[in-house]
Structures are given as structure tokens and as C-alpha cells.
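There are 2 protein chains.
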Amino acid sequence: MNLLKDKILTDGHAIGSNILKVDSFLNHQIDVKLLDEIGKVFYERFKEDRITKILTIEASGIALAVITAQYFDNIPVVFAKKTESLNLDKDLYTSEVYSFTKNKSYKIMVSKKYINSTDRILIIDDFLANGKAILGLKEIIDQANATLAGAGIVIEKGFQEGGDIIRDMGIKIESLAIIDSIEDGVVTFKN
Amino acid sequence: MNLLKDKILTDGHAIGSNILKVDSFLNHQIDVKLLDEIGKVFYERFKEDRITKILTIEASGIALAVITAQYFDNIPVVFAKKTESLNLDKDLYTSEVYSFTKNKSYKIMVSKKYINSTDRILIIDDFLANGKAILGLKEIIDQANATLAGAGIVIEKGFQEGGDIIRDMGIKIESLAIIDSIEDGVVTFKN
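As you go down the protein sequences, you meet chains L and P in turn. So the numbering used here is basically just the index in the first sequence, starting at one, shifted up by 1. So the numbering used here is basically just the index in the second sequence, starting at one, shifted up by 1.
Any given hint might turn out to be false.
Which copy is meant is left open, because identical chains are indistinguishable; a pair holds if it fits in one copy or across any two.
[Stated by the list, open to error] In silico SDA-like links for lysine to any residue, alpha-carbon gap of 20 Å or less:
no., residue 1, residue 2
1, K114, S25
2, K83, S118
3, K22, T11
4, K48, N75
5, K103, T84
6, K83, L35
7, K191, T84
8, K139, F160
9, K22, T84
10, K139, S182
11, K8, S106
12, K91, F26
13, K83, Q71
14, K191, F160
15, K91, D37
16, K114, L21
I should point out that these hints are in silico values taken from the structure, not numbers from a laboratory.
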């Protein structure tokens with residue numbers, strides 16, 4: 002997706018050999034017009050997959066998920082929660098995710114009421130690096146006996162192992178920008 | 002907003018005299034079509050206020066904020082973060098918020114890059130109860146010398162003090178459903 006790659010090159014901020022900051026348009030300040038274009042492309046890539054629900058993790062995935070859902074005739078979005086709350090059900094699917102950027106593991110939770118065995122689920126997330134977030138969400142989808150129809154990712158760090166791990170499991174992944182390398186703050190995309 | 006009030010009565014779950022769970026359509030599973038109607042109403046209520054940016058707090062406010070922003074010609078959304086991250090700037094506006102539903106205080110952070118003195122900011126959030134979230138965001142807006150143009154709230158707990166405190170400060174608040182009381186799990190709205 003060229004619009005996205007241009008945005009990453011102009012407004013992203015690459016540091017060292019691993020970090021790409023996109024907080025000016027994706028995960029702190031949000032460029033709503035760009036997200037609309039992203040949602041449209043996700044729809045094109047998954048429109049034949051009979052998606053019934055979009056699943057993501059708070060917080061950065063939520064904006065992407067709801068705008069994508071608009072293209073899928075407003076199907077429901079469910080976001081996995083990271084923290085307990087008085088207002089959250091006790092009857093939950095749970096799994097564990099390791100976050101590279103936060104350098105710790107955290108529990109994710111989805112109420113059993115909101116995923117069931119008839120669902121064909123599209124996972125939407127901002128980054129794919131080590132693949133732990135998708136694997137954690139897949140565990141929850143498996144617990145519900147639902148079907149994981151695919152995963153739509155905005156930015157994949159192609160130099161980390163997550164993409165290979167998930168594709169080797171036979172899961173359909175569509176990444177809109179795949180980064181081949183970050184070297185001294187310079188981003189190179191995979192063709 | 003009658004569509005919202007009907008949804009609260011049919012799909013909300015009131016418990017005791019204080020708790021209203023709306024996780025089936027607002028803050029865990031998301032009814033994207035309803036959010037679209039909510040965004041449209043927020044636009045009607047604030048379209049004369051020369052809004053330049055929408056500010057919310059992760060996670061529940063994000064979906065509301067981006068869909069509302071679509072009606073304001075895709076102005077940027079900024080969501081305050083609750084947790085530190087390797088990818089977050091060190092140059093931040095911060096304040097402290099006490100959460101009733103989580104029963105603890107937490108820090109909120111906004112990068113100084115994303116709010117400035119020319120901004121006229123609309124705060125969007127799912128609930129108004131004790132008012133602490135709006136006051137925390139207002140503190141950040143004040144630190145940036147930006148203007149708080151108003152706050153759009155989906156559900157106000159009219160029996161708690163937040164609404165009065167914020168209105169007494171002269172801040173324009175538009176709450177789409179104001180709850181007068183919750184008694185033995187029965188919700189009554191203010192007219």
C-alpha cells in the first residue's frame with residue numbers, strides 16, 4: 002500500500018535497527034483519513050472470507066478495527082482487554098501475550114459472550130513483529146471454537162520471526178507494509 | 002438520544018445502584034452502526050465550535066473518537082496513554098486520573114508534539130461519573146495552552162457529581178444519555 006509506505010517514510014521515525022515510531026499517525030495521534038484508506042484495503046483483501054466479526058487488542062488496534070468494520074457492513078468489533086475491571090464479566094477466555102515494546106507479558110481477556118463457534122474472525126492489528134499478539138488472540142479464538150479467517154496487519158517487521166511463524170501455521174495474513182530492514186534509522190520495505 | 006437510551010435499556014446491564022455495564026455494544030464489543038449515529042449527533046452538537054482536534058483516553062474512548070472525527074472532516078484524534086512504552090516520547094504532558102471502575106489512580110500522558118496552543122479541543126468519552134477523566138484531560142489541555150471547546154459524553158451518571166463540577170466550570174458538555182438513577186438494576190433517565 003503505497004500511501005501507507007509514503008506516510009511511514011515521511012512521518013514515521015525509525016531508531017537504530019529495530020524501532021519504528023508511528024505515533025504521529027497510527028498509535029497516539031490518529032490520521033483518520035489514512036485509517037479509512039487502510040480499512041478499504043483490508044476489506045478488499047478479506048471480502049471473500051465471510052468475516053462475521055473483527056477482533057483486536059486494546060488500545061492501538063481499536064481505531065483500525067472499527068473503521069475496517071464500516072467496510073464490512075458494520076459487523077461487530079471486539080477488543081481484548083488487558084486489565085481487570087469491575088465492569089468486566091468473570092466468564093472469560095484468556096491468554097498471555099509478550100510485548101516487545103513494553104518489555105513484559107500481559108494477560109488478554111475476552112468475555113465468552115462475544116465470540117462463539119459460528120464466528121469467522123478477522124484479527125486486525127497495527128504491528129506484527131514476534132507474532133505473540135496474533136498467537137494470543139488465536140488461542141482465544143480456539144477456546145471459543147470459532148474460526149480464525151485471517152489477520153490484517155498495518156506494519157509487519159519482516160526481519161522478525163512472527164510473519165513466518167503465523168504463515169507456516171496456514172493462517173492468511175495481509176500486511177500492508179512489510180519492512181525488510183531498519184538500519185541507522187533508515188527504513189527499507191520488502192517488495 | 003433515543004436510539005442510545007433504547008439500546009441501554011435493552012442491551013445494557015444495570016447492577017445494584019451504581020453499575021451500568023454496556024460491554025455488549027460500547028466498551029468491549031462495539032456496535033459500529035450505533036457509534037456512527039453517536040458520532041453524527043456529537044457533530045451536530047459541536048459543529049459551530051471550530052474544533053481542530055479530538056482528545057480521548059485509551060481504550061474505550063478511541064472508537065467513539067475516530068468515528069466522530071469522520072464527521073468533522075477527518076480532524077486528528079489523539080488518545081492519552083495510560084502506560085509507558087519504549088515507543089512513547091519522553092517529552093509529555095501528564096496528569097493523574099482516579100478510576101471508579103478500576104478502583105485506582107493512573108497517570109495519563111500525551112506527547113507535547115500533538116497538542117498546541119492553536120488547538121480547539123473536543124473531549125470525547127464513554128462515561129461521565131465523578132468527572133476525573135475530563136479534569137485530567139483538561140489539565141493536559143491547559144498545560145499545552147490549548148482551548149477546551151467542550152466534551153461529548155455518551156452516558157452521564159447524573160446522580161454522581163462529575164456533571165455539576167464540570168458544568169460549574171463553564172465547560173460545554175453534551176451527554177447523549179443522562180441517567181437519573183439506577184435502583185435494583187433498573188435504569189431511569191433524566192428528561
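Consistency of the hints with the structure:
1. K114 - S25: Classified as between: cross-chain Cα gap 8 Å, same-chain 35 Å, threshold 20 Å.
2. K83 - S118: For K83 and S118, the Cα distance exceeds 20 Å both inside one copy (23 Å) and across copies (34 Å).
3. K22 - T11: within (12 Å within a copy, 42 Å between copies)
4. K48 - N75: within (13 Å within a copy, 25 Å between copies)
5. K103 - T84: both (15 Å within a copy, 9 Å between copies)
6. K83 - L35: neither (26 Å within a copy, 24 Å between copies)
7. K191 - T84: Classified as neither; 36 Å inside a copy, 32 Å across copies.
8. K139 - F160: Neither, since 22 Å and 41 Å both go past 20 Å.
9. K22 - T84: between (24 Å within a copy, 16 Å between copies)
10. K139 - S182: Neither: 27 Å inside a copy, 40 Å across copies.
11. K8 - S106: neither (30 Å within a copy, 36 Å between copies)
12. K91 - F26: between (35 Å within a copy, 18 Å between copies)
13. K83 - Q71: neither (25 Å within a copy, 27 Å between copies)
14. K191 - F160: within (10 Å within a copy, 56 Å between copies)
15. K91 - D37: So K91 and D37 fail the 20 Å test inside a copy (35 Å) and across (29 Å) alike.
16. K114 - L21: between (36 Å within a copy, 17 Å between copies)
The structure is inconsistent with the numbered hints 2, 6, 7, 8, 10, 11, 13, 15, although it conforms to all the rest.
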